[in-house]
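The residues making up each chain are set out below.
2 protein chains.
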Amino acid sequence: MTEGGVTSGVAGDVSGGVTGGVVDWRDTGFWEPGEGVGDEEFAAAEHSLFDGPFTWPVLVARRDALEHNIATMAAFARRHGLALAPHGKASMAPALWRRQLDAGAWGITVATANQALVCRKAGVRRVLLANELLDGTALRGLARELDRDPAFAFLFYVDSAAGVEAASRAAGGRPFRVLVELGHAGGRTGCRTAAEAVRLARAAAAAPGVEVAGVAGYEGGLPGADEVTAYLRDLRGLAAEFHAAGVCAGGGPIVVSAGGSAWFDIVARELGGIGFDGREALPLLRSGAYVSHDDGFYRVRTPFNRIPGEGRLEPALEVWAQVLSVPEPGLAIAGLGKRDAPYDEGLPVPRRVRRDGVEWTAEGIALTRMNDHHAYLALMPGTALVPGDLVCFGVSHPCTAFDKRRAIPVVDEDHRVVDVLRTFF
Amino acid sequence: MTEGGVTSGVAGDVSGGVTGGVVDWRDTGFWEPGEGVGDEEFAAAEHSLFDGPFTWPVLVARRDALEHNIATMAAFARRHGLALAPHGKASMAPALWRRQLDAGAWGITVATANQALVCRKAGVRRVLLANELLDGTALRGLARELDRDPAFAFLFYVDSAAGVEAASRAAGGRPFRVLVELGHAGGRTGCRTAAEAVRLARAAAAAPGVEVAGVAGYEGGLPGADEVTAYLRDLRGLAAEFHAAGVCAGGGPIVVSAGGSAWFDIVARELGGIGFDGREALPLLRSGAYVSHDDGFYRVRTPFNRIPGEGRLEPALEVWAQVLSVPEPGLAIAGLGKRDAPYDEGLPVPRRVRRDGVEWTAEGIALTRMNDHHAYLALMPGTALVPGDLVCFGVSHPCTAFDKRRAIPVVDEDHRVVDVLRTFF
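Protein sequence lines, in the order shown, are assigned to chains A and B.
Quick note: the first sequence uses the UniProt record's numbering, first residue 1, plus one each step.
Quick note: the second sequence uses the UniProt record's numbering, first residue 1, plus one each step.
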């Protein structure tokens, strides 16, 4: 296993098993009643979203925005001495992972064993499972995969003796490499104190079939910049303690992983370019939502709002829906529901209206509520929508947008469909 | 087209195109890293959920509960002189639709054109699209399908002149048969007054390529039994007006459709067995969530709570998740998130704990919050969970449970996996 330095970024060969998709009646948002059309042939036709084989609502991804975001974040990580392991759970789209790896990402982060399996089928070499893993079936399967492919690098978290024991029991010929997770009071998983984490690291280092690769944590649940800064310093201090205690295996870099999509500026400041007294560190940033960004939750929270000189992200996801009914003054009902767009961290945001090929800004329209397949649009006086109009919505929270579709049309700036993005949830 | 009487229930031939599934790495909850196993072969192995090729979390459907619910609702509809067009959007599982049709359902209800297409691929003959449909691409496709298959019966809603015009423009050789939707103030789609509905029915009856088949409405957004009763009487009255005005086409029965899963007792009382002065009626009940029922939203709202002598529904969906961490007293974190279970109409409900093959009731455990892949379990003092424990959760709101998975293991009462349910979202 070549763990590599911060910037080595040996890209995986993301391909096998996840290509060869066919657009057919199974794909929501497409209207393909026939035998189906291969993804590449479909994309080559460059259908217009507005008169091609589509049916409303359609969730689309803007190609230029995706590419811009991937390049922006890769440059940010490089600039700050961070390795990037983008959280792949956001999109679960191997084609995007490939672009992230091609742009220099160290590997791909996931949240579950099933997602790690998708990574392997997609040819991702380095997988960080940013979660505890105690499932014997998955652990044994991943141990076999480690033995099968010497190039497969796999990291996951432990925060309990039970986690270390589960890993030790399932290990194969190559040891499991674990990160000891440091949490915080009121947080999610992770040891609550450094002392507990050091004790656990010693137990892991002593367990057959298990090696300690470093530390990890998640700052996303903390209330503000001061708490995030203090927490990341604790995490860095814990890694130094691990180094001093000699619990980290081998001579490679000590992994120090953090970073959602709300505080990567502080992660860069506190973990960028660090090392430990003669031993290299691998600061691994796990941000994932940046790939599509959004028009709600992350629009407000992205660190680029604090550091505009370093770049900006573009919202890449749009949902186009049709007005089905304008049943009373001030109310329109669109064909857009909980099956089509996220609603857990803010509702979709009306952006544009389109009628007979003419578009205008969706001023005076607010989405107030969704059922499974309907959205309620409150209309300010003077806002005329009629049945048949199209409304383009931005979304809030990419993770619960991507998972609504198996196939997402990728559009250029003229809304020609130039690719089909396959997701694996 | 044979519209059929209330109880004729000619079942569709639900088959083509939706069988031949393969369990592989794409299927979340399964652990199949190899080349994949055909659904039938997989089911024939009767794996135990607890030591078979599964990885947590797993959403399962209980076979006996599904069968019980399908039989219970079929009997209810028959007993009350209602034809049943179960809302297929709840499960989007053609294998369940087939059972519903085999049990006597008149046809399948859907909410979108894409879902109507899945019905056709599944061989469903009678499809009620309980929604306005203004999408030219889908309308033209469905017109072609009507011309291709004389046995295909298709109904959808109109509530505006624009809807009638869109249908008329797209119609093929066989006319579109529409239901004029009656809504109510503060509700969703549908004409707000009977006068408006009659005007629209006359326009539809006069439009080339369009026929009026009857009326439809949705009582699910009304606050209580009195309002539901009054609304259903209005709906019945509207159908009588249509009859008197002679706007309904042909000599077949006049369709009067209503019914979600919260008020079908009142629908039965107000619409069961009705007719209009020498002309037959087809009262079509569209309840869908009953197929799996739930442990939350519908557990509280099912009409069977008011009429226990007529039967009861059983919750058919369970999610099994593993405790990943017990990081501080009173808190456990399970590997169960917004990608795995519904959270829009109540959170998952802990029901049982399983450790080393022994199960007990999940007393003193409450799920308080979910992230994308984590659930926060608040533990009462004395409730000991340890990492590795399994927790079985009931869910609230079937529609946002089924749509989280493409393949759902169907279990018997010993939690042997006896079938694989495929969903098409």
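Since the hints were made in silico from the structure, they are not lab data.
Even glycine gets a Cβ: it sits at the ideal position worked out from N, Cα and C.
There may be inaccurate statements among the hints.
To be verified - A short, non-exhaustive set of chain B residues, derived as facing chain A with CB atoms under 8 Å:
| id | residue |
| --- | --- |
| 1 | Glu35 |
| 2 | Gly36 |
| 3 | Thr137 |
| 4 | Gly183 |
| 5 | Phe276 |
| 6 | Arg352 |
What the hints assert, rightly or not - Beyond 12 Å from chain B on every Cβ pair, some chain A residues (computed):
| id | residue |
| --- | --- |
| 7 | Lys121 |
| 8 | Leu134 |
| 9 | Leu139 |
| 10 | Gly187 |
| 11 | Val198 |
| 12 | Pro208 |
| 13 | Pro223 |
| 14 | Gly251 |
| 15 | Gly272 |
| 16 | Ile274 |
| 17 | Arg312 |
| 18 | Glu345 |
| 19 | Trp360 |
| 20 | Arg369 |
Okay, the hints, checked on the actual structure:
1. This hint is violated: Glu35 of chain B has a C-beta 10 Å from the nearest C-beta of chain A, more than the 8 Å allowed.
2. Taken as an interface hint, Gly36 of chain B does not check out: its beta carbon lies about 10 Å from the nearest beta carbon of chain A, beyond 8 Å.
3. Hint status for Thr137 of chain B relative to chain A: holds, with the closest Cβ pair at about 5 Å, below 8 Å.
4. Evaluation of the Gly183 of chain B hint against chain A yields a held restraint, the C-beta minimum of about 5 Å falling below 8 Å.
5. The criterion of a C-beta within 8 Å of any C-beta in chain A is not met by Phe276 of chain B, whose closest approach is roughly 26 Å, and the hint is violated.
6. Residue-level restraint check for Arg352 of chain B is violated (minimum Cβ-Cβ distance to chain A is 18 Å; threshold 8 Å).
7. At the 12 Å boundary, the C-beta of Lys121 of chain A falls inside the reach of chain B, the nearest C-beta of that chain being 5 Å off.
8. A cut-off of 12 Å between C-beta atoms contradicts the statement that Leu134 of chain A is not in contact with chain B; the least separation is 5 Å.
9. Not every CB of chain B is more than 12 Å from the CB of Leu139 of chain A (nearest about 10 Å), against its label as outside the interface.
10. Non-interface call for Gly187 of chain A relative to chain B: violated, since the shortest CB-CB distance, roughly 8 Å, does not exceed 12 Å.
11. Residue-level check passed: Val198 of chain A sits 16 Å from the nearest beta carbon of chain B, beyond 12 Å.
12. Listed as a non-interface residue, Pro208 of chain A keeps its Cβ farther than 12 Å from every Cβ of chain B; the least gap is roughly 19 Å.
13. Distance to chain B confirms Pro223 of chain A as a non-interface residue, since its nearest Cβ pair spans about 16 Å, more than 12 Å.
14. For Gly251 of chain A, the requirement that its beta carbon stay farther than 12 Å from each beta carbon of chain B is met, with the minimum near 30 Å.
15. Non-interface status of Gly272 of chain A relative to chain B is upheld: no Cβ of that chain comes within 12 Å, the nearest being about 26 Å off.
16. Taking the minimum C-beta to C-beta distance to chain B, about 26 Å, the non-interface status of Ile274 of chain A holds against the 12 Å cut.
17. No Cβ of chain B comes within 12 Å of the Cβ of Arg312 of chain A; the nearest lies about 25 Å off, and the non-interface call holds.
18. Interface exclusion of Glu345 of chain A from chain B breaks down, the closest Cβ pair being 10 Å apart, not more than 12 Å.
19. Trp360 of chain A, annotated as away from the interface, keeps every beta carbon of chain B farther than 12 Å; the closest lies near 19 Å.
20. Not every CB of chain B is more than 12 Å from the CB of Arg369 of chain A (nearest about 10 Å), against its label as outside the interface.
Hints 1, 2, 5, 6, 7, 8, 9, 10, 18, 20 from the earlier list are contradicted by this structure; the remaining hints agree with it.
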